[in-house]
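Work the whole structure out from these sequences, hints included.
There are 2 protein chains.
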Amino acid sequence: MSKLAEFEPVFFPKTHAVIGASNSPTKFGGRFIKTQISFGYKGKFFPVNKDEPEIFGMKAYPSVRDIPEPVDLATILVPAPAVPAVVEECLQKGVKAAQIITAGFSERDEEGIRLEKDISEMAKRGIRIIGPNCFGIYCPKGGLTIPPGESLSRESGSVGCISQSGGYGIRIPRRADGLGIRFSKLVSYGNASDVNECDLLEYFYEDPDTKIICGYMEGVRNGHRFFELLKKVAKEKPVIIWKGGLTEGGARAVKSHTASLSGQAQVWDAFFKQTGAVAVNGLDELMDMLIAFLHLPPITDRKFCVVGGGGGIGVAAADACERVGVNLPVFSRELQQKLLGIVPAQGASVRNPVDVGSPFPAPPMLKATLDAVFSGVDIDGLIISEIEMSAVSRPGQADFMRMEALAQNQRTPVEARDKFGKPLIMVLPEESNGPEYTESEGARRQVADNFLKQNMPVFLTLERAATALSRFIRYWEKRSESQ
Amino acid sequence: MSKLAEFEPVFFPKTHAVIGASNSPTKFGGRFIKTQISFGYKGKFFPVNKDEPEIFGMKAYPSVRDIPEPVDLATILVPAPAVPAVVEECLQKGVKAAQIITAGFSERDEEGIRLEKDISEMAKRGIRIIGPNCFGIYCPKGGLTIPPGESLSRESGSVGCISQSGGYGIRIPRRADGLGIRFSKLVSYGNASDVNECDLLEYFYEDPDTKIICGYMEGVRNGHRFFELLKKVAKEKPVIIWKGGLTEGGARAVKSHTASLSGQAQVWDAFFKQTGAVAVNGLDELMDMLIAFLHLPPITDRKFCVVGGGGGIGVAAADACERVGVNLPVFSRELQQKLLGIVPAQGASVRNPVDVGSPFPAPPMLKATLDAVFSGVDIDGLIISEIEMSAVSRPGQADFMRMEALAQNQRTPVEARDKFGKPLIMVLPEESNGPEYTESEGARRQVADNFLKQNMPVFLTLERAATALSRFIRYWEKRSESQ
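Each protein sequence line maps, in turn, to chains Y and A.
Under the numbering used here, the first residue of the first sequence carries the number 1, and numbering increases by one thereafter.
Under the numbering used here, the first residue of the second sequence carries the number 1, and numbering increases by one thereafter.
Keep in mind the hints are simulated off the structure, nothing from the lab.
Errors might be hidden in some of the hints.
Heads up, the list lumps identical chains together, so a pair's fine if it works in one copy or across two of them.
Unchecked claim - List of simulated lysine-lysine pairs, DSS-like, C-alpha gap at most 30 Å: (1) K255 / K367; (2) K453 / K141; (3) K367 / K27; (4) K478 / K235; (5) K50 / K338; (6) K303 / K117; (7) K255 / K422; (8) K3 / K338; (9) K117 / K3; (10) K338 / K255; (11) K50 / K27; (12) K27 / K338; (13) K273 / K93.
Here it is, written out as structure tokens:
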């Protein structure tokens, strides 16, 4: 069976039993149903509860076996010791898939290990199981969301995500949400008693809705299978992995968390090199890679130009780029000469990086600079760093910040990119992190959002842009070598 | 003469001549005066302009020599070729110090090099000169601010800052502003024709208002003097340096920017190791180090505990800490046993990192956890990571986010720190970076601000907290070795 068919009831269940449902909206079993309904599940719900005849106005059943229709997906919320019996009933009913949200299994103690083993064995008899100790499935197209994910986007997108951690299972899509990153499916799969990282990777490989794969992982059940699979998948779709537990303390934490063996850092280093998967550390780096893969065409060369609004900015840009192997070739005398006729006579620089002399360049100057660079040198892309694009509420500086000029400077990078067909990257830093700058930050985010909507990647700092760009190019280099 | 006396007219001028003043508030020479008045300069202004008899209602003088009173500080805004003649007039008048904001000197061309050499020679005849090609002085106590710094804080603080770059001369205090970081003095000194990094370092060393020194530097005029000085200063006051131009492209950009020789990366590495100065890259790292030095007592050992709101969070925390040499020792059986009685029975972890099972722990549980850890193990500090402390506007989750519980959880870390007298560090990440999360971000910033006001360091991510902490401890290790 293809993975697509196999996982159809997982991501697009027509019927959904919730075992351990409750009438109380403050209890987990009540909140879960409320959340799914509010999220927009369009299939049929079957609450299961031994004692209640009705849950939120829906008929409830004492057991999953009493449900009068076929059941695609069961969500299991009962305490750990009761789970094996419930899974047995699901098997008897012919339920196709189950997600076990409950914790307290192999990550907990000997008894938990035994319970989880029972579940793994049962899965072989014909039900696919996600979990236990997880948040399960977020699939906007299927109308499913993870327990804390009521406010996640209802829009479907091209990113497939796996997270062994529930915490990152919610933090990843929430962080992504504001950056316009949309998911095809996200699965928090916890202890991986049945469905594991390999199954999900195979699914995303086949899934036409998924173009980019990312994930937070703690351990791998079958290293060899995962390695071979990743090599194959990364040739077709970018795979970005944040691997947790690569230090001693991290490995110890992994054991208490998902009972996985986390493996050694050197092994994983080699692993990433050989498979072409992109390694990241932390949420910020993960987001940056998604932004790059979503909004940039393939780039396999490293010649870039930086246009910045100040001399120090140019220095920092050059340092940040060259440190990670993104090169800023010196411009020809001819191009330098041309640029000297565009930028201010004093306090500017034209060799690459280009310093337009001020973070608020006049719109015609910014436009002429981009035109001159794109038409005067064969570069692989251009980074605009720290040119202010949004209104900032500083007292007394209204004359600096004409809205019209800002609006034009916001259009210029998109127009230049489209005119010359070359990648362009924006660095839009926060003004300051204090409460009194929240309004300015809101304006900055609005501008960043507009760029992202026009497929223009935006990064918060130069360092993050350069790091993401370098990893992005390495991915495409590796992919072009192996084909 | 002590540096304090020598720089008195620079930072606390009783009289201030502005040469190249203008009546037009849109011209630089007009804006500069407007900015200083609005910032709150309390001394006497003497605008100098050949053609105008009056500037903004103040009597103007054709030359600095025509001013009827002694002049402490002159700000020079006239075009580069006119600067040497103006400095000559300042010398004749007996002006004590001058800041030359004008650009177009040694960073520009041969003619600029010649002009700047003239200025350097003149300085030896008895005037201290800052610049050219700079933003000059920000000193809230003296009522002076740099040209784009009208909105900077009027409050004085304990951080002394030097910046060779004007762009970072404004970006550093602006970024710091929202984090409650206040400056004693900041000097953007550009091409350093006279006053250079050594003079300023000596000044800050003597200055009783300055407790921490930081800076962005591109080149050093006298490497040996700077090295010896830094060794001496770093033993008394932390010195944090962002050195620009350590790559080939960066060095090239430095040359166009402040005409400095930037030096090799290996040389600087050794330099930092031997002097005990703290090296950083970029604004974020610079801010993080200031936060650490402002709000933490000296720490010379590396045994820490992490308390986090989720299993994955704990894994990431352990990885982030151990990668930079901050250790998380496994707790004793006894302490683990005690914690098992406090955290939830399922989905938690007690070995260090401690996972309290949820990003929203009940207030008594968070309090009991901190009490148990602080009284049960001899650690050098504790990091609280990703426990939600501020209200987040997510639809339908009001029951999760009781304001009262949040307020109590905000008090608990401060109370625990004060009760046990041990350092405590908060990691408060942004929820998401999109425009629709601006309100939540405002709430988060408010909470972060409250922590900072209570001397509790706050970092945006685990990785940044761990990196800053590791550098902070290294500074104190080095300082305790050398004493």
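Numbered hints the structure breaks, given as an ascending list: 5, 6, 8 and 13
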